[in-house]
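S.K.: Produce the complete structure using the sequences and hints provided.
2 protein chains.
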Amino acid sequence: MARAIEVAWKGEGCTGTNPLVGAVLVKDDVELSSGAYSRFGGEHAEVKALRGKDAESGTLYTTLEPCVYHGKTPPCTDIILESGLKRVVVGMEDPNPRIKGRGNALLTKRGLEVVVGVCEDEVALLNPAYLLGIKKGRTAVTLKVAVSLDGRIAAADGSSQWITSGEARLDGKALRNRHHALLVGAGTVVADNPLLERSAHPDLPWYRVVIDRQGRIPSTSHIFGARDLLWWGDKSQDVPPSAERIEPEDLSDLLVLLRERGIQSLLVEGGKLGAALLERGLVDRLVAYVAPVLLGSRGLGFSPSTWATLEDGARLRDLSIKKVGVDVRIEGVL
Amino acid sequence: MARAIEVAWKGEGCTGTNPLVGAVLVKDDVELSSGAYSRFGGEHAEVKALRGKDAESGTLYTTLEPCVYHGKTPPCTDIILESGLKRVVVGMEDPNPRIKGRGNALLTKRGLEVVVGVCEDEVALLNPAYLLGIKKGRTAVTLKVAVSLDGRIAAADGSSQWITSGEARLDGKALRNRHHALLVGAGTVVADNPLLERSAHPDLPWYRVVIDRQGRIPSTSHIFGARDLLWWGDKSQDVPPSAERIEPEDLSDLLVLLRERGIQSLLVEGGKLGAALLERGLVDRLVAYVAPVLLGSRGLGFSPSTWATLEDGARLRDLSIKKVGVDVRIEGVL
Numbered sequence: 001m002a003r004a005i006e007v008a009w010k011g012e013g014c015t016g017t018n019p020l021v022g023a024v025l026v027k028d029d030v031e032l033s034s035g036a037y038s039r040f041g042g043e044h045a046e047v048k049a050l051r052g053k054d055a056e057s058g059t060l061y062t063t064l065e066p067c068v069y070h071g072k073t074p075p076c077t078d079i080i081l082e083s084g085l086k087r088v089v090v091g092m093e094d095p096n097p098r099i100k101g102r103g104n105a106l107l108t109k110r111g112l113e114v115v116v117g118v119c120e121d122e123v124a125l126l127n128p129a130y131l132l133g134i135k136k137g138r139t140a141v142t143l144k145v146a147v148s149l150d151g152r153i154a155a156a157d158g159s160s161q162w163i164t165s166g167e168a169r170l171d172g173k174a175l176r177n178r179h180h181a182l183l184v185g186a187g188t189v190v191a192d193n194p195l196l197e198r199s200a201h202p203d204l205p206w207y208r209v210v211i212d213r214q215g216r217i218p219s220t221s222h223i224f225g226a227r228d229l230l231w232w233g234d235k236s237q238d239v240p241p242s243a244e245r246i247e248p249e250d251l252s253d254l255l256v257l258l259r260e261r262g263i264q265s266l267l268v269e270g271g272k273l274g275a276a277l278l279e280r281g282l283v284d285r286l287v288a289y290v291a292p293v294l295l296g297s298r299g300l301g302f303s304p305s306t307w308a309t310l311e312d313g314a315r316l317r318d319l320s321i322k323k324v325g326v327d328v329r330i331e332g333v334l
Numbered sequence: 001m002a003r004a005i006e007v008a009w010k011g012e013g014c015t016g017t018n019p020l021v022g023a024v025l026v027k028d029d030v031e032l033s034s035g036a037y038s039r040f041g042g043e044h045a046e047v048k049a050l051r052g053k054d055a056e057s058g059t060l061y062t063t064l065e066p067c068v069y070h071g072k073t074p075p076c077t078d079i080i081l082e083s084g085l086k087r088v089v090v091g092m093e094d095p096n097p098r099i100k101g102r103g104n105a106l107l108t109k110r111g112l113e114v115v116v117g118v119c120e121d122e123v124a125l126l127n128p129a130y131l132l133g134i135k136k137g138r139t140a141v142t143l144k145v146a147v148s149l150d151g152r153i154a155a156a157d158g159s160s161q162w163i164t165s166g167e168a169r170l171d172g173k174a175l176r177n178r179h180h181a182l183l184v185g186a187g188t189v190v191a192d193n194p195l196l197e198r199s200a201h202p203d204l205p206w207y208r209v210v211i212d213r214q215g216r217i218p219s220t221s222h223i224f225g226a227r228d229l230l231w232w233g234d235k236s237q238d239v240p241p242s243a244e245r246i247e248p249e250d251l252s253d254l255l256v257l258l259r260e261r262g263i264q265s266l267l268v269e270g271g272k273l274g275a276a277l278l279e280r281g282l283v284d285r286l287v288a289y290v291a292p293v294l295l296g297s298r299g300l301g302f303s304p305s306t307w308a309t310l311e312d313g314a315r316l317r318d319l320s321i322k323k324v325g326v327d328v329r330i331e332g333v334l
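Chains A and B, in that order, give the protein sequences.
Read in order, the letters of the first sequence correspond to residues 1 to 334 in my numbering.
Read in order, the letters of the second sequence correspond to residues 1 to 334 in my numbering.
Everything hinted at is true.
Copies of the same chain are indistinguishable here, so a pair counts whether it falls within one copy or spans any two.
List of simulated lysine-lysine pairs, DSS-like, C-alpha gap at most 27 angstroms:
hint : residue 1 : residue 2
1    : K323      : K173
2    : K235      : K272
3    : K100      : K48
4    : K322      : K173
Hints in this document: simulated from the structure, not taken from any laboratory.
M.R.: What follows is the structure, given as C-alpha cells:
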C-alpha cells in the first residue's frame, strides 16, 4: 500500500475534481506493474496496473475503492472481475455517494477476497479536499499568509510588498497549482491589481472568485480581462464581461456554492478575508510563510478576535515545516 | 584559522567575562597541537597550544590577538617570544583597551611575522557580547520570546503557559547558560513565581536582575530566597535580604551599569520588558520560538508600536533556523 500511495502522488495537481489514486499489481510477492490516475478524465489507476498483465490469482493494491459505475471510463470493478485477480487490498472506501462500499461489495460477492482500510490515514492525505468536500458539503479552504515574526501581514502604513523573500513568494505562488480556485477580496485587487494566474495545469479549470460587495474594483483593473471569474459583487455595479455573478448568502454559503460547481479546493491569499474565514471556522489548512522581521504592533494582523484562552487557540495538526530562503514555511491542518 | 575557531568553541559558556579563544600550532604544514581558553581564569589558548612543543620556526594561528599584560596569567606575548615561533596569524585585534594592537605590535617589533584579520567575520561570531560591550559600552541583550503564528505571547486572558512545546521550553532554558544574567520584570515574577535558575556553570556568576519599580513583588516570592540579585525597585519597599539595590536612570543606563559590573550578556525572557527594549533599540539578538497555533488578535503581542513602514521594520541578520519539537526556533541579530 505504501508503494501504491507513492505511485498515486504522481498525479498531484492533474486530476481536477477527481481523487488521486494509485494501484500496484503483485504476484508471488513480486510487483508486476503499477498505475496512477494522472489526468482528469484519463484511465483509472487500476486499469493501468492491470493492462496487458497476467493477473490470474494475483493481488491488486489500490489506495481507493474501485469505481462501480460508467463515468468517463468503464467501471474498474468490471476490469478487475475479468482479470482473474484473487485478492484486492483497498486503502479506503470511496465516500463518493455513487460508490460508497458498492465496489467492494460487488467484488466480495463475486468471490474475491477484499481487504479494506489499510494505511487509511496516509491514504486520506492524498485527497484532503475531496474527502472534506464530501464530509462537509463545501469546498476545502487553504489560507496562505506571509507574516512577520510578530504576526503582521502588513506594516502600519499598509505596505506588505514584500515581507517574505523571493523564494517564499515563488513557493507561495506554486500553491495555486494545488487548488481549483483562488479567492480574493476587493482590497487585494485594488491594492495590487493582480492577474491571479497560475503556472501549471493550463488544461484544467482555474477559477478566480472575487468578492467586491461595495463595488470598489475599477473596471480598468487587469482582472476585468481575465477568464473564469466568479463575482460576488454589488448588484448595481458592472462586472467584467466574462464574469459570472454569484449571490451566496454568506461566506459559508459561498463555499457550498463553489463545491456545487466542482471547485473542491479554494486558496485564499492573506488579507481581511482570511480573518473572516478563520473567525467562522472555515479555514481547513493554513500555510504561513514566517519572515525574520518585526513590523510592530501597529501593523496589520491576520487572525480574528475570536479566541480568549490558550485552549481556545487554533492549533495546527499534520505539521510540515520547511525553510524557504530566509523564511520558514509552516503548514498544517486546522 | 577555521580549525582555531572550531577549537575556540569548546569553551562556550565557560569563560565568564573573558572571550573565547582558540589557537593551533602548525609546523611544516602539519598541526602539532591546539588549545582553547576553556575556563574563566584558566590558561590561555596560546599557552596550551605551545606547552611542551618544539615551536621553533613554526606558525601559531590564534583567533584573537595575544594578550600583553599580566592578568590572572602571564602575558601570552612573553610565551610566544620564548617559543621561537616564526609567524603568528591572528583572527582579529583584541578591542580591549588594555591590548588593542599592542600585542601584535610587540611581536612584530621583536621580529615575528604577524598577519592580522583572517576570517574576521567568523572570529567575531565567537564573542558577540564581548565585542558589542566594548563597542557600545553596555551589556549585550538577547530577547527570548515564545510566540504564536499570529505573533502573540499570551492569549486574551493572559495565559501563556504553555504556547510552545516541552522541547522548545527546554531549549529556551538552555539559553540562560549562554548569558551572564537574566532580566525580568515584576509581572513575570508575580505571575510565575520563578526561581530563575540555570542548569550549567555553577562555578560562574549568574545574576538575576529584577525590575519592580512599583514594589509589586510580594516578599513571599521564591525570588526572595535567591542569591545574586540586582534589584531596581521602589525605594520605599523591602528588597530581598541578599539583593543589591541598583538605581539606573533608565533602561539604557541599566545596561551600562550592568556591564560595569562585568555582566556582558543579558537574557530577557519575553513580556512587556521586551517591547520596551525593542522600542529603544536595545535588543541585539532575538530568539523566537514560533508555535504552530493561532491565539487571535486580542492576545498579547511583544513588539513595540515604533515602526511605520516595511523598511522601518527590524530585520534579523545572521539567521539560524531550527525545528524544536513541533515549534521552530528563529534566531538572529537585530
